[in-house]
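Relying on the hints, combine the two individually framed chains into one complex.
Chain order of the listed sequences is A and B.
The opening residue of the first sequence carries number 1 in my numbering; numbering runs sequentially from there.
The opening residue of the second sequence carries number 295 in my numbering; numbering runs sequentially from there.
For the record, the hints were derived by calculation from the structure and aren't laboratory data.
Among the hints, a few may not be true.
[As the list claims (entries may be wrong)] Chain B side only, calculated, beta carbon under 10 angstroms to chain A, not exhaustive:
| # | residue |
| --- | --- |
| 1 | G342 |
| 2 | I345 |
| 3 | I360 |
| 4 | A429 |
| 5 | I444 |
| 6 | G445 |
| 7 | I462 |
On a predicted model such as this, the values are computed, not experimentally measured, just so you know.
The C-beta atom is built at its ideal place from N, Cα and C for all residues, glycine as well.
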Amino acid sequence: MISDDVLKKATVELLKNAVTALPEDINTALKKAYETEEDAIPKMQLKNILDNIELAQTGSLPMCQDTGIHIFYVTFGKDMVISVEDAIRNGLKEATKIIPLRPNAVHPLSRHNPGDNTGLKMPYINYRFSDKDYIEIAVMPKGAGSENMSALAMLTPSQGLSGIKEFALNTIVKAGGKPCPPTIIGMGIGGSADISMKLAKEALLRPINQRNDDSQIAELENELYSAINTLGIGPMGLGGKTTVLGVNIEYAYCHTASLPIAINIQCWAARRAVARIHPDGLIEHISHPKEVSP
Amino acid sequence: MKDIKLTTPLDEDSIRELKIGDVVSLSGTIFTARDEAHIRALEYKKEGKDIPVEFTGSAVFHCGPIMQKEGDTWHLVAAGPTTSSRMNSLEPEFIKTFGARAIIGKGGMSRPTLDAMKSYGCVYLAITGGAALLAAKGITSVKDVHWLDIGMPEALWVLEAEGFGPLIVAMDSQGNSLYENVESETKHNIKMAKQKLGLI
Ligand code: SF4
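Isolated chain B, as found in the complex (with noise of 0.2 angstroms):
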């Protein structure tokens, strides 16, 4: 297991490096984004809107955050993962239209999406899902927020990093994805579990 220290913008070479089981912590900046920001993002592409940050190169965090507002700035209370599936059908264009270089999340994401990171350079980055605190605590400063009409979780937040993680690369630039192999092994596995429930 390799233990690698990563700062955005995120270059194409060193992502294209990453291998799945490798060990990653991430500086710089991290936008959230979920089913709404992902949406809306590629809807004001299409329709030649301006959008708020630059994607090239981002680190894109499945994550709907709790956030406190004090004063004018806001703080983060935790910030752990969203189930990346739901994005499933939105991220292969997301990931060709903006050039986005880590998608972090939990639960892995189809194979349109692990072919979309092979073509573009791209990697998916395994954060335990749940554990928002632990997350949070790579977290420096909430710089930004964008769309907040589409409320606290939806909404697009700019965070500032400081070797967040671990983080595990779940998905490589390489189509090798740790579900794909963890699915096979279950497929396997499965006989053994109907044997011991006395299915076959």
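Chain A with its partners taken away, still in its complex shape (with noise of 0.2 angstroms):
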């Protein structure tokens, strides 16, 4: 029996392992990015970022003092659909206190804020279904600076591949320095306006090792990342050779005059924790092993 109290307490430390540790993926990248970089100033950029998750890590502190909005993806088993809303919801405003989380979430206009990371449709949960026996809960702290430079384009569909790239190369060189580089690109192509840019956020979720099982698709990721990091322009945009850590593409089908390219950037706090919460009651927490707290 999976209780309310149970699903509070992953989405508690869920957070936790969040904000307080990368997943091995984006720590290797980093690691490697710091051994790429000759110049001084993109290496003292990196130093000081390992430096940070270290601190993190053993303080059990938030890397980033933006700890974003809560973009939470659950995923239920067979015949496991039961409401997790509330668990949530007085999970994120625990979290907020014990961790701490900063509040972020505001009203759009009044800019009110009710300092719990809560209010209407906040956190945001997408629901999913799966044949397993379990319920999968990810969440994703989205920090504003990378969020804040996504874009989205109509293209034509004659602009094709090269309509793609482009953009792609565009959106980066207008977003420099401000989403924290080395970032993590995030791109959705076909569906609709709203599916790209879903996908493109979805993309983030998958390790930046794992190449997308299209093999078009990975082709794609491969060229853009080396292309990207021909650009020079560097850790928090002060020059160097690392602006990207990973690109990750999703795609759906659209309509046959449509081509939607979506992007969204993750920086390199590229934060995500994924747990397993099995019919027993046990919470498995996939992303971040070490850290499972008992």
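What follows is the structure in structure tokens.
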């Protein structure tokens, strides 16, 4: 039986894991970037980042003060659809107090800040379904510095692959040092305007060392990764070899008359955490196996 | 790369000596100010209302920290920079009006701010974005807070710093900007990137 208490506990643990420790794929990529850089300024930026990650892990504190707004992905297993909304909400409120997280969620117009990271449709929960016998919850705390560099283009089908590449390059150049590079580029191709945006964000849930199953998309990921890293924007936009740590693309079929392309940028503090909740109430942390708390 | 120690209040001469690429660490008082605090400070000044701190010679940090209150004292948890370009339209006026001498942030600022830095003697100090705990290590205490009504991230926090850094002089008061240099290099490199992608 999965109780509200278990769901709430899982939410707090997920948030704690996400904001205090990066998944292994990101850590490895950052260490590699540090080795790759030769000039003093980019090397120093990456050293600061690595030292900071260490401080977060040892002190069990948020690595970045922008602990984001909270996007959840809940995947229900077979015959396991239960109400999770209240538990996640309460877990987020508690996590805001005890970790602590910065209260970021505000009314879009009045800018009123309730102070606990919740509000209308926030946290935002995406629901998915699977044939597994557990519920999987993923959280992506998303900072504004990188999110504000998001971009959408409704290309014409004739612009095709070249149009997509051009748009990706221009978006990264325009973003410069603002999204805290080295970044991860999440791209959504196809669907509709809103679907491509959703795919772009979902792409960021995939570890950066895993390429898309589709070989053409995988090739585009590799091509963009190496092309963007010749731009020289570098860590924090202060110049250097590492502008992106990875490029992840998801796609969907789209209307014969359109070609939507969306980009969602994730900063080096690419926080995400995934846990499985089994029918007996056991919480299994997938993304942060070492950080599991009893 | 020079490694320079500075203490607030900052004087014009030592600020004008700084060159892009220099590494600086700061001690003394640092104020945090984001969009809302910039807007309010400029508004209050215009309306002749009291501004609770002295911005002349100050170091202004684009930062929305995480703070925790223990009893009556605020305790700083994490304090990395926010994206400075959001203050692009406010900063030239702010530097001119208040005589701030150092702006600390990430991502850099646009031409009008660079021009104001040249005219009035101010520099932009880049701190590693997201490295909020490293930054917090250079802050010894939270001295005060004003304007908490605009929310924890936007409020005007008064911090005491000791060896706060390393900061990189990314825009100096001679009109040089590391960001502009990187930008023109990027413009050049984009041809290479396009070639790699088979676009040209
Ligand atoms: S862009 Fe990311 S790393 Fe940079 S300040 Fe925002 S949340 Fe932190």
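Problem set entry | Hint validity - B:I462 Cβ closer than 10 angstroms to any chain A Cβ | Nearest chain A Cβ about 6 angstroms off; hint holds.
Exercise. Are B:G445 and chain A close enough, Cβ to Cβ, to be under 10 angstroms, as the hint says?
Worked result: holds (4 angstroms)
For this session: Return the status of the interface hint for B:I444: holds when the least beta-carbon distance to chain A is below 10 angstroms, violated otherwise.
Result: holds (8 angstroms)
For this session: Double-check B:G342 for me: the hint is only fine if its C-beta lies closer than 10 angstroms to a C-beta in chain A.
Result: Violated, because the Cβ-Cβ distance from B:G342 to chain A comes to roughly 25 angstroms (cut-off 10 angstroms).
Problem set entry | Residue hint B:I345, partner chain A, criterion CB-CB below 10 angstroms | violated (21 angstroms)
Exercise. Is the interface hint for B:A429 satisfied, with its Cβ closer than 10 angstroms to some Cβ of chain A?
Worked result: holds (8 angstroms)
Exercise. Was the hint right that B:I360 lines chain A, CB cutoff 10 angstroms?
Worked result: holds (5 angstroms)
When held up to the earlier numbered hints, the structure conflicts with 1 and 2 and fits the remainder.
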